[in-house]
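Taking the hints into account, I'd like the entire structure generated from these sequences.
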Amino acid sequence: MHYIPNTDEDRREMLQAIGLASMDELFSDIPPQVRVKAALKLPAALSELELLEHARQLGAENANIDDYVCFRGAGAYDHFIPSVVRQIVSRAEFYTSYTPYQAEISQGTLQAIYEYQTLICQLTGMDVSNASMYDGASALAEAVLMSCRITGRDRLLLSQTLHPEYRQVVRTYLQGMSVETLEIPYTSGLTDLDWLRKELDDRAAAVVVQHPNFFGLLEEMNEISQIAHRVGALFVVSVDPISLGILQPPGAYGADIAVGEGQALGNEICFGGPYLGFFATREQFVRNMPGRLVGATTDSEGRRGFVLTLQTREQHIRRAKATSNICSNESLNALAAAVYLTTLGKEGLRKVALLCLRKAHYAWREIAKLNGFPPLFSGTFFKEFSVNCPTSPQKINQVLLKQRIIGGLGLKKFYPEHQNGLLVCVTEKRTKEQIDEFVEVLSETGEQQ
Amino acid sequence: MKERLVFEIGKKGKVGVSLPRCDVPEEEPERLIPEQHLRKDLPLPELSEPEIVRHFTRLSQLNCGVDTGLYPLGSCTMKYNPKVNEEIASLAGLTRLHPYQPEELCQGALRLMYELGEYLAQIGGMDAVTLQPAAGAHGELTGMLIIRAYFLSKAQKRHQVIIPDSAHGTNPASAALCGYQAIEVKSDERGCVDVVELNKLVDEDVAAIMLTNPNTLGLFEENILEIADIVHRAGGLLYCDGANLNALLGVARPGDMGFDLLHFNLHKTFSTPHGGGGPGSGPLGVKRTLAPFLPVPLVVKQGKRYLLDYNCPLSIGKVRSFYGNFGVLIKAYAYLLSLGPEGLRQVAENAVLNANYLVKRLKDHYHLPYDRICKHEFVLSGARQKKRGIRALDIAKRLIDCGFHPPTIYFPLIVNEALMIEPTETESRQTLDRFAEALIKIAQEDAETLKSAPHHTSVGRLDEVAAARKPNLRWKE
Ligand SMILES: Cc1ncc(COP(=O)(O)O)c(C=O)c1O
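Going down the list, the protein sequences come from chains A and B.
The opening residue of the first sequence carries number 996 in my numbering; numbering runs sequentially from there.
The opening residue of the second sequence carries number 2 in my numbering; numbering runs sequentially from there.
Source of the hints: derived by calculation from the structure; they are not laboratory data.
All C-beta atoms in this analysis are idealised placements derived from N, C-alpha and C, irrespective of residue type, glycine included.
Be a bit skeptical, because a hint or two may be false.
Derived DSBU-like pairs: lysine-lysine, alpha-carbon spacing no greater than 35 Å straight-line [said to hold, decoys possible]:
hint : chain 1 : residue 1 : chain 2 : residue 2
1    : B       : Lys305    : B       : Lys12
2    : A       : Lys1036   : B       : Lys288
3    : A       : Lys1424   : B       : Lys158
4    : B       : Lys477    : B       : Lys41
5    : A       : Lys1424   : B       : Lys15
6    : B       : Lys442    : B       : Lys477
7    : A       : Lys1036   : B       : Lys84
8    : A       : Lys1407   : B       : Lys305
9    : A       : Lys1364   : B       : Lys41
10   : A       : Lys1316   : B       : Lys155
Pulled a few chain A residues facing chain B out of the computed Cβ check, cut under 7 Å [as the list claims (entries may be wrong)]:
hint : residue
11   : Arg1030
12   : Asn1320
13   : Val1434
14   : Ser1438
Pasting the structure below:
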């Protein structure tokens, strides 16, 4: 086994040094009846060459979005990743290290996280950010738990325009808690503010909204923030970080906790993971935060350095009373996000957001010109929008696939009331030519009706 | 060497990226989006590409990783991360996949997940596996929720989960997150669960016991069959924290010892890199009776086709979006295929051999609180050195001067001045000898030298008290 440096001679001598006669004796403390007798039923070892070939074959059984043109989003996005990002996260000093418990030899990771935290604050307009959570959905679940801790209340209001999988994750996380969750209905694709005004009272720990929402629409964040705060509830938001290139940051509309899926910030789409959840809040709530935090301090000679800090919130110290059970997070993905945000910078991120905005609106207008694909909602959108198809989106997507296009997501997967709804995503990577072809194929499917 | 922050390097007007020209009408954002939704200012840094690369490269040089040297961080299994796995996990055919693309267009990915689940079930002696959890603690949470759902389905309300005093902090934290009361059971003088104590604690209110086996002292729980019997007889379940599974690969299976649930740490046992603190992956295996409660979707095989099955009415739901840390799963899958069943066993044998060899070399120089055959790791105590005013922390910092990453310190909590050492199977005897010699030398060194260590790093010991008292968690202008 070429990952094991010891030779037979080493093993013999080491056993001798220990005073044992055989490898088996190393396991003499395991009751004989539970020791494995025969070899496990696993495939025989492959050489590196065979393994690579096997992996390529598996890859060939997938349609990848370099070969297909992707108009699907819904929480996982095909954004451009500058080469710098991959090169940096491929440095073994970063990816083969672990949680920076020993600060003096982990300044690289620690400083990068401190920079990541700062960048997330700059992007969201919030005061503090942690070092990352597992993904956008679990970050939201942790935000909701934190809002219950802060307010001491046990009722939550989640908008139905939140990503359906996020709502499901929140509900799963809350199963062991006695917390009541209510779903806020939507009208015209937007959180129903009349309903919210009527139903919200001072039992609510938080009002939870996604912006842009699952249908791609911009919610009335200022208004919702005021409604929530009037009864002393926290305003918890899940935002698309790319949209923050042009949209108001959560800090500007009074969000108390801002989370989101950070995949779009330089992380490969990779069939759903690994991604990262970013998590930011106000200064006053910092001691209630879940997850790791890096802070700046100095050594005895006054040199600046970085350490893990406020660890008394965490499981390794507080155990059952910790603010979260999280230990390993998504550090390398956070590094990718930091490199991405630095590389795009002030101008670049705005440009990417503008490209998404303009291309999505171009696509929306061209589709609206077709017969039979009216917009599902009339609200303002960013890079995703919903249309109503003349037939089932599944059929339309099959036709698109023949042209090597992965069409939008059929909304009925999550919203049975929209049997023919299609959620289309257009990122900066889509060219006018690709959009025109997409629209062309749509028009052909429309005509076939 | 020291490196400025990106915010201190940038300058107005620099650009780090080249983006495509806009090939659709360039409408002003104000025409598409009402003004109150638009931000006025985006305070991100401005740097050119060469400056960015140099900055992050210099930061990387302030780090240590498995590729730069021995990293014997106990409980973390810092083994070598094979390069072919990285290459495979960057193939476009496996990574450029949208999670919601149709099943017929991701058969290769689903097959990989299906087969990895089968392999893990085989290795752990479990019947069904979910790959959804993103890390060990996430697997624990999933497991605790499944236990809760299982008892609910039997109309039983149980409130307690028993956890040894040697357990990792995530164990009680995960139990508490699911509404359980974490009850501590003491360890006996051999470092194992005190069975007499356990007997007193177990009753109808106990939902489960959460054990790490081998435990965090690196010792196999010798009375595991008796423990299983005690808990099962009271109707409770056995949860195995599989953080230490490296010691058992191909040798023994938690499922055969009576465990009903087991989480795997792909970033420990199965060689996927730790990424500076993640991403990890914490698949959870369960016995047949608990399978109906697993998160959705499950990857199933029908004839030759692989499908995502959401039709699981008893499922706890989802613990994260999509299906799990797929990129990490790819690497673990590649690792298992390159090992095969014999290689797998060799991993365990050499990991255990290396640990016992180090014990032998070190036990005359440091106090060894539990002197018996260990598994993949062992825990020394700095108690003798403490008499001279030297702390485990000082020993750890001095190791940095010798070119080694320190072991885990002050964990498990039941060992005074704990030094928890896990060499893994991917270290050579020569490296172990050098490491042992360094520790032996340190055992004799004067307090002055140790207290001022490390001596050659970019910063010395940092003021953690000040960091926590007046937190500075972000750069500000
Ligand atoms: C024994 C043990 N259990 C649980 C965990 C938590 O695992 P993770 O960091 O993958 O969440 C660790 C991590 O170090 C551990 O050592």
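So, going through the hints one by one against the coordinates:
1. B:Lys305 / B:Lys12: Between B:Lys305 and B:Lys12 the Cα gap is close to 58 Å, so the pair fails against 35 Å, i.e. violated.
2. A:Lys1036 / B:Lys288: Holds, at about 18 Å.
3. A:Lys1424 / B:Lys158: Measuring from Cα to Cα gives roughly 53 Å; hence the hint is violated.
4. B:Lys477 / B:Lys41: holds, 19 Å
5. A:Lys1424 / B:Lys15: holds, 23 Å
6. B:Lys442 / B:Lys477: Outside the cut-off at roughly 44 Å; violated.
7. A:Lys1036 / B:Lys84: Status holds; Cα separation ~26 Å.
8. A:Lys1407 / B:Lys305: holds, 27 Å
9. A:Lys1364 / B:Lys41: Satisfied, since the Cα-Cα distance of roughly 33 Å is no more than 35 Å.
10. A:Lys1316 / B:Lys155: holds, 29 Å
11. Arg1030: With Cβ-Cβ at 5 Å, under 7 Å, it holds.
12. Asn1320: With Cβ-Cβ at 4 Å, under 7 Å, it holds.
13. Val1434: At 12 Å from the nearest chain B Cβ, A:Val1434 fails the 7 Å test, so the hint is violated.
14. Ser1438: Not OK, violated: A:Ser1438 not within 7 Å of chain B, min 18 Å.
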